[in-house]
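Chemist: Next come the chains, spelled out residue by residue.
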Amino acid sequence: MAQPNIANRDPMSRAATRQLLWIAGAALVGLALLLAALGWAATLTGGGAAATHALDFKTRTVTTSIRNDVPQLDSSRSKDIESYNILHTVMEGLLRYDNNSNLVPGVADRWEVDGARVTFYLRENARWSDGKPVTAHDFVFAWRLAVIPETASEYAFLLYPVKNGEAINRGEMPPESLGVRAASDRVLEVELQNAIAYFPKLTAAQTYYPIREDFFKSRNGRYAADTEDLLYNGAFRITRWVHGASLRMEKNDLYWDKDSIWLNAIDIAYITTDAVARLNLFQDGRIADVDYLPGEALDQVLQQRWSLRRFNDGSMWFIELNFREDRLTRNFHLRRALQLANDPAELVFKVLKTPSFTPAESLFPSTMKGEHGLFRQQYPPPHVPTDLTEARKELELARQELGLDTFPPLVLLADDTPAAITHSEYLQEYLRRNLGLEIRIDRQNFRQRLEKQQQGEFDLTLKGWSADYDDPLSWADLFASWNLNNNGRYDNPALDAQVRIAMQSLDESERYRAFAEVQRILIEDAVIVMAYERGVMYVQDPRLKNVGRRFMGPPTDYSRAYITEEP
Amino acid sequence: MSAVEWQPRSEDFARATDADRRRGEQRLVRPSISYWQDAWRRLKRNPRAVVSLGIVVALSLFTIAGPWVWRVNPAAQDIDQISRPPGAGGTGRIVEPYIQWAGVTTETLATAGSALATNIRLAEPATTQAVRLEWAPAANASGYHVYRNISSPRVGRALGLPLAEIIDPHRVSFEDRFDLEPVKYWYSIVALDANGAEADDYAVFEVEPAMVITAEEAADRGWIADAGAVRVGDMVALPNHPLGTDYLGRDMLSRLMHGARVSLFIGVVAPLLFVFFGIVYGSTAGFAGGRIDQLMMRVADFVVALPFLLFMILFRIAFGVQPGESGVLPMLVALVLLSWPSTARLVRGQVLQIRNEGYIGASRLLGARTGYLVFRHMIPNTIGVILVTLTFEVPRVIFIEAFLSFIGMGVAPPTPSWGSMSNEGIKTMLAHPHELLFPALFISVAVLAFNLLGDGLRDALDVRLRGRE
Amino acid sequence: MLAYILKRLVQGAVTVWFIATATFVAMHAVPGDPLRGERIANEQILANLEARYGLDKPLLEQYVVYIGGMLRGDFGLSYVQQNRRVNDIIREHFPVSATLGILAMAFATVGGVLWGALTAIYRNRLPDVVIMFAVIVGISVPSFVVAAFSQLALVSLNSAFGSSLLPVAGWGTVWHMLVPALVLGLSTMAYLTRLMRSSMLDITTSDFVRTARAKGLPPTRIFLRHQLRNAILPVVTVLGPQIALITTGGFVVELVFAIPGLGRYFVDAVHQLDYTVIMGTTTFYGAFLVFMVLVVDVLYSFIDPRVTLE
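Residue numbers (this note's numbering), protein chains in the order written: chain A, 1 to 567; chain B, 1001 to 1469; chain C, 2001 to 2310.
Be aware that one or more of the hints could be misleading.
[Said to hold, decoys possible] Cross-link-like lysine-lysine pairs, in silico, DSS-like; alpha carbons within 25 Å at most:
| no. | chain 1 | residue 1 | chain 2 | residue 2 |
| --- | --- | --- | --- | --- |
| 1 | A | 452 | C | 2057 |
| 2 | A | 353 | B | 1044 |
| 3 | A | 217 | A | 79 |
| 4 | A | 201 | A | 58 |
| 5 | A | 251 | A | 545 |
| 6 | A | 79 | A | 163 |
| 7 | A | 353 | B | 1184 |
| 8 | A | 163 | A | 132 |
| 9 | A | 58 | A | 251 |
[Stated by the list, open to error] Per the computed footprint, the stretches of chain C lying under chain B, defined by three or more beta-carbons under 8 Å from a beta-carbon of chain B, are:
| no. | stretch |
| --- | --- |
| 10 | 2018-2030 |
| 11 | 2285-2297 |
Since the hints were derived computationally from the structure, they do not count as laboratory data. Quick reminder that beta carbons are idealized off the backbone N, C-alpha and C, glycines included.
Starting from the given sequences, assemble the full structure and let the hints guide the process.
Modeler: This is how it looks when you write it as structure tokens:
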């Protein structure tokens, strides 16, 4: 019954196989030639950095990787983490962050606060990479640039405390009316809209970095597009930048503090979001560290017997509820039910399984500083233990108040990132089982999730937030009724009043009491349901020391790192 | 025969009659059958087709009858049994529900200290609910770091997972609730100096927690009839998961059964539909030739060049799929609309090859219309290529479906599908390979079935093999 | 021939125009605003952003501006990478994807044709079964898994040898492309193997081969000139679109091997709704695809004399 295999008869197949082998041989030769040609083509497009090692003690070079390409090195417009890390290494503002997230003098070596007037005195030896000194005029130009509407900077709001900042940003006043002027080349006078206690801390943000006017204009709109379109006043300068592939920074010998910089070069040789790929590079000895390790990658790390480390990245994650008129979540008892049913410990310890996450109890991070010591030690948040019986009672109250027979499905808006997927699916099943609530997951990708969140098209949504500057106000004003980032449109005059006190008062104790009040209101009014405090797991070559890993400010900083010969 | 000229007679062209047959001038060995009948006959006897049929029957049973036999809810999460390997089960002891632990501070513990944090001990027996450690304080410590590893940390200071950073020198206890499983753990406590840097020495403690569960949780998950039936200290049997559990503790076998419905439906129906359309389209274009062919092929190019993801999102909106709902039909339509060009092109290529053949011309002369030519001549000659394409489209579509469900089009969570299970399994494929292995295996089996069926069909339908056995 | 090519080029231009238009419409119909960030800006800033990118004009005007720009070869400014022109993005990253894609296709074609021919020769015997098994497993496993496993294999290989034989990731030399190209071409290779096998079996049993044998032609000649040459036509058919798809679909390989290709940019652009990058890349790919299809059609007529071009 076999099919007539004409080609199966031996002489035929032997002959055919022989001929096939000849053809295969010819093909291999052809492939080799092709490889040579393509190899030459690749070196033209290549990222260089072909055979570097993770650490080189002799040349004082560290090789590492980043997750995403660097989209914007124009400090007036930059808004993402990768750009912030790089900017903090190659440029410097009036103040800068040290490795322990403390603020220390940068370009300004001292400053004076006098009510609504702050005067910064710039260093003598602060220089740009072309040799010219960094002057107060550079700050004036940069701040005006950041605040004018044409620049459309997302972080322009950081400049609102400066006099007329908000008005200029709305297009109501010209940029010259911004409350900053160069009294001399090395004296910068700032006039604030109102006296606030925390202004100097704001100046460490990248939006406040200096930009030199003549250089900016000479680039014809291409400022920060490439290596030659940037001037550097920081510890390093960018010497090679192949977009999407690599970025190399070398020590800036004109930096005023160059003696405390040990490294000669920081080489970012690989760009990919895939953590396993980066771990493989680490294992192969190509890069010196891998951060942002997901929970699933940890087993590989443990098997390899590397040292795992963690740091808090300063972001808090919670479930935001919608307070708009037509939403069920506006009802207090429903919110309270969700809050009482909430078990962040189970979520973090058993579901998300990343040891660097910690269950959250309050919007304010555990690392946030208070008047003396940590804020949460001075003002511990009111404790809401998980209590399913109480939760069900509250749910029943809510049902009666809303006049429903049963609850309709609630929509949970979430991203399509792995953590959000796991979290949302877990939550869906958890609320169904324990409260009998039906949750529909609205899974969106980044842009659409942003749009829906900001338009308020959700009942519940997973949200993360991190501070823009080192003051509790950056957390406390999140739910003020005027804050556009208050996606649920929570509106509580009591909370607003406390936020205003915190904004305007110059008395530290009074401010922190106000923050404590905000913390209390957020919990007792069940405004949000806290989930976790996020941390980052990373591995690092033990010979690399003193890398800055911060919960405030740019998360990763190699500028003050050094290499030892032995671990 | 002799060289006599043979003059044809009209009788020579007459059909053989029974009388002729009996005379043996013409002996038909078997009745005359049509092409399709012959194909069917050969298919039935083809070993590959028979095997594939067996697989198809098995898969159908698995999909349809499976959930009746294995009555486990595919959406039920068991947080305590996340990512357990196949055959997971065992027993657990009933305990009281979790109560927070106040921990231990140096005020409540009166022991001298050394530079090394020593004397780590359990405050109470270790269970998977919590492992509570306390230790003797170290001198001059400003705090402690707690690590946990799954192998001894003595070699190369591989301390493992950093579980906690205690910045209070008076706190000398730690409660671990992180992902506890009934396996051996090595805890390490390292003292921190005044600057927060780790000391060189560290203390190690080895422990294996016992598997426990609260009565309420056991009742919740249906392992016991109700919470009152057991008391603290009783042992309960944990449910058996023959194929293990996934990243949320859901039973793999049950998910595979329910997932088969979506995957097989989409994976079979969609390719059939768009291959069919591609055949019609491609053969028409190939036959028609000229301007029509060019136009049709340019349309095909156009469809291929469209950005897939963008149009999928568009379709989802156009079909009004609400968030959180399953939109399998819209997904099917969208898939078909965007996937037909490759088949069309292939078929057209074949048609171009044979449309100038003699027998086509002859058929035409005899009055055959295009439809007949396509059905009777083209398709049998292109069947090999078509079947190959069909085979390859099945897994491709299954994975596309996974991707679409991922972006919110297709099936909504918690409904499973083989493709989405594979996607999820990728994340943990090194640590828990079974989560990827099983869905991929089932996809392989389905593909194999189609492959074999395709081979069998090809052999059965091949014109030139007709009448050879 | 020349007239045919010219005619096809004109048709190609029209097709590309259709592609650009359809993409434009789709993009603007999809919800989501490319200008929104995590930090909400005030209306003035949003208005200014819209003005800068021309999003405040009516759709039709935006379309005209855009097409006008394309005709001049200017695809505009990226929304996400705010200082980079889309032209620059394509110019810097397409060659990477193309190089990888060409090598992948070369591997796939050589492999597919040779393995396919082998299975046809040894039909139903051991080589056939083994290769077919490999093909089935190969296409049932998601490409991401294949990529990840091959990278792991490289790491193990390097550590086993104590030094770096092959780079584990990155781009820049010929050694960086070997494994990624192999992984990228694997599924196409599987497909081509199957296709070649089926096609060769068709030919093998066809009349003209039997005629050739009956005529007593030496087996080698039959194989090369008749069987291989004719069986290869379906392979050529899929080659054109496949090469276009491989350059665009290299996303997974680019991610795992940290290769700065256009695939990653494109996928990110769709996620971020970066209008200009989506339009520019789609149009560019569309043109590339149309061109490859033309090449394939012309190749047809050279390979199979029965095929006539009109």
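Chemist: If a hint holds in the structure, say so; if it does not, say that too.
Modeler: Quick rundown of the hints versus the structure:
1. 452/A - 2057/C: Holds, at roughly 23 Å.
2. 353/A - 1044/B: Violated, at roughly 53 Å.
3. 217/A - 79/A: 22 Å, holds
4. 201/A - 58/A: 38 Å, violated
5. 251/A - 545/A: 17 Å, holds
6. 79/A - 163/A: Holds. Residue 79/A to residue 163/A sits at ~23 Å (cutoff 25 Å).
7. 353/A - 1184/B: 18 Å, holds
8. 163/A - 132/A: Measuring from Cα to Cα gives roughly 29 Å; hence the hint is violated.
9. 58/A - 251/A: 15 Å, holds
10. 2018-2030: Check passed, 8 qualifying residues.
11. 2285-2297: Per the Cβ count (5), the hint holds.
In this structure, the hints that do not hold are numbers 2, 4, 8, in rising order.
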